[in-house]
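Enquirer: Residue numbers (the working numbering), protein chains in the order written: chain F, 1 to 277; chain H, 1001 to 1370; chain E, 2001 to 2525.
Hints are all accurate, no fakes.
Calculated cross-link-like contacts (lysine-lysine; reagent style DSS-like; alpha-carbon spacing at most 27 Å):
1. E:Lys2149 x E:Lys2171
2. H:Lys1161 x E:Lys2511
3. F:Lys85 x H:Lys1161
A few chain F residues facing chain H, derived, Cβ under 8 Å:
4. Ile123
5. His127
6. Ala136
7. Arg142
8. Thr146
9. Leu147
10. Gln195
Everything labelled a hint here was simulated from the structure, so no lab data went into it. Please read these numbers as outputs of a predicted model, since none were measured by experiment. Using N, Cα and C, we set each Cβ at its ideal position, and we do this for glycine too.
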Amino acid sequence: MSARDVFRSIIGIELDENSPYYAPKQRTLDVSHNVILYLDDITVSFDGFKALNKLNLMIDAGELRCIIGPNGAGKTTMMDVITGKTRPDSGSAFFGQTIDLTRLTEPEIAHIGIGRKFQKPTIFEQHSVFENLELAMTTDKRALKTLTAWLRDDDRDHIADTLRLIRLDGEANRPAGLLSHGQKQWLEIGMLLMQDPKLLLLDEPVAGMTDDETMRTAELFVSLVGKHSLVVVEHDMAFVKALGGKVTVLHEGSVLAEGDLDSVQNDQRVIEVYLGR
Amino acid sequence: MREPFIFRFLSALDARTRAGVSAFLALALIAVPLLHLLLPAGSPFHVSTYAITLVGKIMCYAIVAIAMGLIWGYGGILSLGHGIFFALGGYAFGMYLMRQIGRDGSYQSDLPDFMVFLDWKELPWFWQGSDSFLWAALLVVVVPAVVAFVFGYFAFRSRIKGVYFSIITQALTYAAMLLFFRNETGFGGNNGFTDFKRILGHSITSSEMRLVLFGLTAVVLALTFIFAKWLVSSKYGRVLTAIRDAESRVMFIGYNPLWFKLFIWTLSAVLCGVAGALYVPQVGIINPSEMSVANSIEIAIWVAVGGRGTLIGPIVGAFVVNLAKSWFTVSFPEYWLFFLGLLFIVVTLLLPRGLVGLWKTLRTAQGAKA
Amino acid sequence: MFKHLLATVLLTGAFAAQAAPDPALIRQLGDEDSSVKVAAIQKLAQEGDPATARVLQAMADDALQLAGDKVLIIEDDKAFDAVSGEPAPMPADAESITVNNRIRGELDNALAALKLFDADRNVRLDSARQLQNKVSSEMAPLFERALKKETDPEIKPLLKLAHAQASLTSKNPATRLTAVRTLSESASPAVRNMLQPLTEKAGEPDNRVRYAAISAIKAIDARLSRAETLGAVFSGLSLGSILLLGALGLAITYGVMGIINMAHGELLMVGAYSAYAMQSFFRAYFPDAIDWYLPAAIPLAFFGAALVGVIMERTVIRWLYGRTLETLLATWGLSLILIQAARVLFGAQNVEVANPSWMSGGIELMPNLLLPWNRIIIIGFALFVLALVWVLMNRTRLGMFVRAVTQNRAMAGCVGVPTARIDTLAFALGAGIAGLGGLALSQISNVGPDMGQGYIVDSFMVVVLGGVGQLAGAVWAALGLGVFTKLLEGWSGAVIAKIVVLVFIIIFIQKRPQGLFALKGRFVD
Chain F
1 MSARDVFRSI
11 IGIELDENSP
21 YYAPKQRTLD
31 VSHNVILYLD
41 DITVSFDGFK
51 ALNKLNLMID
61 AGELRCIIGP
71 NGAGKTTMMD
81 VITGKTRPDS
91 GSAFFGQTID
101 LTRLTEPEIA
111 HIGIGRKFQK
121 PTIFEQHSVF
131 ENLELAMTTD
141 KRALKTLTAW
151 LRDDDRDHIA
161 DTLRLIRLDG
171 EANRPAGLLS
181 HGQKQWLEIG
191 MLLMQDPKLL
201 LLDEPVAGMT
211 DDETMRTAEL
221 FVSLVGKHSL
231 VVVEHDMAFV
241 KALGGKVTVL
251 HEGSVLAEGD
261 LDSVQNDQRV
271 IEVYLGR
Chain H
1001 MREPFIFRFL
1011 SALDARTRAG
1021 VSAFLALALI
1031 AVPLLHLLLP
1041 AGSPFHVSTY
1051 AITLVGKIMC
1061 YAIVAIAMGL
1071 IWGYGGILSL
1081 GHGIFFALGG
1091 YAFGMYLMRQ
1101 IGRDGSYQSD
1111 LPDFMVFLDW
1121 KELPWFWQGS
1131 DSFLWAALLV
1141 VVVPAVVAFV
1151 FGYFAFRSRI
1161 KGVYFSIITQ
1171 ALTYAAMLLF
1181 FRNETGFGGN
1191 NGFTDFKRIL
1201 GHSITSSEMR
1211 LVLFGLTAVV
1221 LALTFIFAKW
1231 LVSSKYGRVL
1241 TAIRDAESRV
1251 MFIGYNPLWF
1261 KLFIWTLSAV
1271 LCGVAGALYV
1281 PQVGIINPSE
1291 MSVANSIEIA
1301 IWVAVGGRGT
1311 LIGPIVGAFV
1321 VNLAKSWFTV
1331 SFPEYWLFFL
1341 GLLFIVVTLL
1351 LPRGLVGLWK
1361 TLRTAQGAKA
Chain E
2001 MFKHLLATVL
2011 LTGAFAAQAA
2021 PDPALIRQLG
2031 DEDSSVKVAA
2041 IQKLAQEGDP
2051 ATARVLQAMA
2061 DDALQLAGDK
2071 VLIIEDDKAF
2081 DAVSGEPAPM
2091 PADAESITVN
2101 NRIRGELDNA
2111 LAALKLFDAD
2121 RNVRLDSARQ
2131 LQNKVSSEMA
2141 PLFERALKKE
2151 TDPEIKPLLK
2161 LAHAQASLTS
2171 KNPATRLTAV
2181 RTLSESASPA
2191 VRNMLQPLTE
2201 KAGEPDNRVR
2211 YAAISAIKAI
2221 DARLSRAETL
2231 GAVFSGLSLG
2241 SILLLGALGL
2251 AITYGVMGII
2261 NMAHGELLMV
2271 GAYSAYAMQS
2281 FFRAYFPDAI
2291 DWYLPAAIPL
2301 AFFGAALVGV
2311 IMERTVIRWL
2321 YGRTLETLLA
2331 TWGLSLILIQ
2341 AARVLFGAQN
2351 VEVANPSWMS
2361 GGIELMPNLL
2371 LPWNRIIIIG
2381 FALFVLALVW
2391 VLMNRTRLGM
2401 FVRAVTQNRA
2411 MAGCVGVPTA
2421 RIDTLAFALG
2431 AGIAGLGGLA
2441 LSQISNVGPD
2451 MGQGYIVDSF
2461 MVVVLGGVGQ
2471 LAGAVWAALG
2481 LGVFTKLLEG
2491 WSGAVIAKIV
2501 VLVFIIIFIQ
2511 KRPQGLFALK
2521 GRFVD
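Looking at chain F on its own, in the form it has when it is part of the complex (with noise of 0.2 Å):
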């Protein structure tokens, strides 16, 4: 980036066009065949071990999918793949049909709307459950305007009603590290729903809830579905089965068996990986 661009986004002026630099809104989402994500062959490698290997997966807009598979499959480098973290070997990364997820850092990715949820709780511990979401809250998010914002009232009002749809709502003032972990697993997610992103990418979201609390985020993903697209990893097939989605299988980081759910449990592939041969 040019010293130029380095200026600008530190006195704030909004930049043009060819920039790669928090420009959002020339930056748009594309949707038109359907598909809201398209990796094509990726490959990521680290010392020789091939984590995804020529992985192919397309996600439809709207869609709910969940992906399942082994430890070491590569569920996470996936993950990190689709919001920057890590740059792919080869193969591309598509968000609709325009926007080239390898070559944005990740605040860009989550400018154009991918939110992510870690596999473990990551809040922040020493600020409000309120403080969290108001972070998140999609807005400018330049350095020099942070100075200077305030809250609105509907920007009140939002977190208000997100507060109530995670059942944080009686929490709002205490810190965040003091909640229970099925807890801090809704605040992450109320997090990412006051980014409004496009795509949800949730690392198992329900590790740590109870069977209950499994059972109001099955129902809150079900929800969103449409509105958003999501991609779901996860080991509870409890969980998974609520959800209802198509499942994707990964092993030994490609595609192995893809399909609903009953399909998949019954492909013996699936079954030799999950059981061991």
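Put chains H and E on the given structure of chain F with help from the hints.
Expert: Leaving out everything else, chains H and E in the frame of chain F:
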């Protein structure tokens, strides 16, 4: 409806802070000058020149401590090289002070003595404009800012953090110290700048000038404190602490940590530069040892002693440690390093929240009893 | 005419070899006037009679006395006549012949010249080397005679060079030309200076000789600069081996515990002071075996520093795991305490640590390229320590545990690795290696309370550059940094070189934030 900016700025201060700052300013701007000028030297309430210089010096350190508290306590970035920014500010203003000596140096030359000694015939290019007070004041801000911005941009862009960053900053100040030690660099080498005579034509050693510098430092300290208070209570401050606690989360919700870190880093450097510029005329000397690794690490201990994650903590720490230092180095010079070393260990092991944290804990405990 | 001259020289040579030294010249050795003595020594040397060697040696040993008109050699309370070599009665009133520094130098030269005819090859080789830089024009016949007799392939070229130097001032242009051409083979700055006047018309009237001199200087310059580069590479390697010793320990402690030990430089200091302590101990109790103090100090340096390390780990660092930035400050506090402790114990001044005699001197690869023994030994020592660490880390159970804890502390704990004890041991090992580094350092630089501070930044740079916890990375980074620094120093001076290196590292980290040998994978955050 949007409230006026200045109103929001001031509302960042609670009533207690406002009262505290006002009392501090009244003390520094009214009480100290009166006690110094009006009372005879023998009076028990007389404030001596020594005391004014000492406290003035420590107030400069306190500004540096706030700067360090901002990046370390709130940003989670531990700099072990903040001495370089302090010294750069000091040197920038020192250049002006050197030019104010005029022909009163030992060689009675238009050039500063050390240049005559090096047999230089004219001012080097980077000394151009050093006759002007305003230019010097500009340099005090701009030079540390540019150095910090460039260094920080490259360091933060490649996501250098934690101890890595600390070590690199240490190398930075070390390299700068070596550079300034050279005579040919053009900043007086080993001896640095000293023997100042005047500021804006007025004698630098007169009581009035001392009081003016003292008062100015107090005002800058108060403004720095208020500004920092506002900064950390803004949304910017919340994002900053969020970066400290979970940087990847911040990235994935769409903030670019680079600019957040870079802003606080550069701001912190500028504050140090200003503190350095206030320090030099009061202490009367600036030399490359200000950039030594040991000096920069000491700044961190002021903050740690006072309490990280607060703004009053660094000020308290700067005063406590430096008062202890001036007492020790007079009474038991042998034991100062032992004490300082122990302080580093005890504070990190037993008082992770510093004196302010200790005080808060004690108050809570008392409250629970009562 | 030339032939005739040669014949005379040969004749006198043959004659002198058989005759006893000229009694008049011997007598002049005892003259009051130093100039007379010098002249006599030079003449005696010209004659090249091995028998005079005994006389001159005695003079150099202050064993030559003057009794009346007779010059006597005193050996073990017995007197010998200096001319005939026969025993003589011990005189009552003999006085020593005084030898001042100028005469002593002259004697050394003369003895070296005489040794060119010694029967022992090594004596002749030493002498030919020694004379290279002390050639004067009167010595031409001497070298010529020696050349005639010499058959050894190593000594002969040296004699040729020396002879050529001596014949540069010859009146005969042909002789001078031959001499210049021979000298173009040299690589000595002294020879270059000697040829310099011949490149100007005032110094050399003959064109052919002058042109030959100019091209000879060019050839010598090329050789000299090659030697200089080699020298820089060598001192770079030796600096690198010191950095390596400093960084190895750091790499282990950082790799295993993820903590940066700011007091690491002070562990170097502990090692250096243990060399000093051992030296003092030997001086007091075993002055005869003083040369052996250094090997004896190796265990002291290792275990001394390791003990300090264990104390540090047990009392402070243990309580700060996972709080890396705080550890930085706490260990800095430890370093301040250690520095002040050294000041209190040994004084604030630097102490003197002498090289054992077997470490002084060096190998002269070229006339301007001396590889000092102390540096060679340090490089060897560093390699030895490296090999030891490698074996320890890769071939022992302790090493396996250490590597296990490095990779996954929690898992290692689960499978029964005593992580707390491994931490202590690893820290002790790192500290001990630092102690060894300090021991090596004591041989080439000052030993004082602040010595560790100068090396800590460099050691960190090695670790940063090499990638944390990577032995191979530390090795390459240390040697690379050492050589790079020294090459730069030759070109830009020490301070600028240091700054350039630091800037280079900062830029390097832009490209490879994880260092030269990066760990990759999903565990790296």
